[in-house]
Each structure stands twice: as structure tokens, then as C-alpha cells.
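Chemist: I would like the entire structure built from these sequences, with the hints used as guidance.
Protein chains: 2
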Amino acid sequence: MPGPPLLRLPLKESSAKMPSQMEHAMETIMFTFHKYSNDKNHLTKEDLRSLMEREFPGFLDNQKDPMALEKILKSLEQSRDGCINFQGFFSLIAGLTIGCNEYFVVHMKQKGKKY
Amino acid sequence: MPGPPLLRLPLKESSAKMPSQMEHAMETIMFTFHKYSNDKNHLTKEDLRSLMEREFPGFLDNQKDPMALEKILKSLEQSRDGCINFQGFFSLIAGLTIGCNEYFVVHMKQKGKKY
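As they're listed, the protein sequences go chains A and B. My numbering applies: residue 30 is where the first sequence begins, and numbers increase by one. My numbering applies: residue 30 is where the second sequence begins, and numbers increase by one.
Source of the hints: derived by calculation from the structure; they are not laboratory data. Hints should not be assumed to be uniformly reliable.
No copy labels: a pair is met if it fits in one copy or bridges any two.
Said to hold, decoys possible - Listed below are the simulated DSBU-like cross-link pairs for lysine-lysine, each with C-alpha atoms no more than 30 Å apart in a straight line:
id, residue 1, residue 2
1, Lys74, Lys46
2, Lys93, Lys46
3, Lys64, Lys46
4, Lys93, Lys103
5, Lys103, Lys64
Modeler: Structural data, given as C-alpha cells:
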């Protein structure tokens, strides 16, 4: 059952017996969004707070700016309604992962760390 | 050991005993890129072909356009060198996941499918 982009996601519905690690990772991101949005198709500020607290422990606590959550929300909302849709959520994940990757490349690969 | 974006990635180096599903998914995307780039920090056309064939089985075979791989590469390369860096790779994953999510929202959630 290929979806529009000809992938095997969602995995449960497809004939994929052995999902690849990437398929599994993408499905996790997708389902995490829907879990915390409670099927509303968008994340409110409180949904985003829950998601950040449970999925990225310490992230909000470690921010020096007490308005960090509000600023994240503001930068990702598409229509000034204080909500984030899936594309906005994916932009957040992209920014965080790209930041981690830069750190990995500079600090870890030089030490010969393997994945 | 928070990296610059105050996350616990890479997990091996951090004090994260129980990584969250999202942390695990993001690390998978990061390490998949480095695995197929063979530590070059970019994917060539052949690296991308290998990655697509192994991580998204059937995706390239199901494309009607025989130039699909070339077109993907062209749309993601940053400096016309025929290579994709991590940001370009993440854009590809974003596009694929957003497509799958749209399919999921329209076709699956209406049927009451849960994740």
C-alpha cells in the first residue's frame, strides 16, 4: 500500500514486514505529533510543553530564556493562532537535529566516535 | 552533556539512560546519514541510491520517472556539486514524512486508526 510518496508508511497498514530504521524513525516522529496533538492535527502551547518535557527531558529547564517555549511556538506557527501544524513541528525537529549533528561532527567524529 | 541545542544527543555520550522515542528517532536519522556518507559529511549520487534502496525499499523502483534520483539530488544539493549535505538530507526526509503524514491524516485517521 504505497502512500502518495510511494513509501511504506504507516507501517501497520503496509506489507512491510521488516521496517527499516529510517521508516521506523519517520513513523515515530509522525505518531509522536499525533499523540501529543490528541488528534487535533495541531499542537497548542500546552501540547508542545508536554511533548518537549517528555520527549526532550531537560531541554526547557536548560533554557536561560524563560520565554523559550513561547518563542519556539511563535517561530513555528503558520497562522498566528498559537498552534503548530505538522510542518511546523517538523521544522522544530529539523532545527534540533541539525544542531545536534553539527555538534556531533565537530566534537565527536574527531574523536573517532562511531555510530 | 547537553550539546549546543541542549539536547541529550548523541545518546551514547550523554547521561541519558532511557532515551525517549523522539531522541532515538533523531539519532537514527543523523547516524543513517553518516553511515551512508562514509564519514564524508555529504552524500554522493551513489551514496543516496544505496540509502534509498536499503532504507526505503521499493521507493526508487516505484518512481515512474527514470531520472527520479537525479532530480531528487538536483533539488537538494546546496552548491551544484552533485552532493547532499545533512541539511539537504533532512529536507528530503521532511518532504517524505510530510507526504506520509498527509496520507495518514486523510486515509487512516478517518478510519479510526491509532498509533
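Chemist: At most 30 Å between alpha carbons: which applies to Lys93 and Lys103, within, between, both or neither?
Modeler: Answer is within: at 17 Å inside a copy they meet the 30 Å cutoff, but 40 Å across does not.
Chemist: Taking 30 Å as the upper bound on the Cα-Cα distance, should Lys103 and Lys64 be classified as within, between, both, or neither?
Modeler: within (21 Å within a copy, 35 Å between copies)
Chemist: Regarding Lys93 and Lys46, is the shortest C-alpha distance of 30 Å or less found within a copy, between copies, in both, or in neither?
Modeler: between (45 Å within a copy, 24 Å between copies)
Chemist: Pop the pair Lys74 and Lys46 into one bin, within, between, both or neither, using alpha-carbon distances up to 30 Å.
Modeler: between (37 Å within a copy, 28 Å between copies)
Chemist: Within a copy, between copies, both or neither: which one fits Lys64 and Lys46 at a CA-CA cutoff of 30 Å?
Modeler: Result: close both inside a copy and across copies, 24 Å intra and 23 Å inter.
Violated hints are absent here; each numbered hint is respected by the structure.
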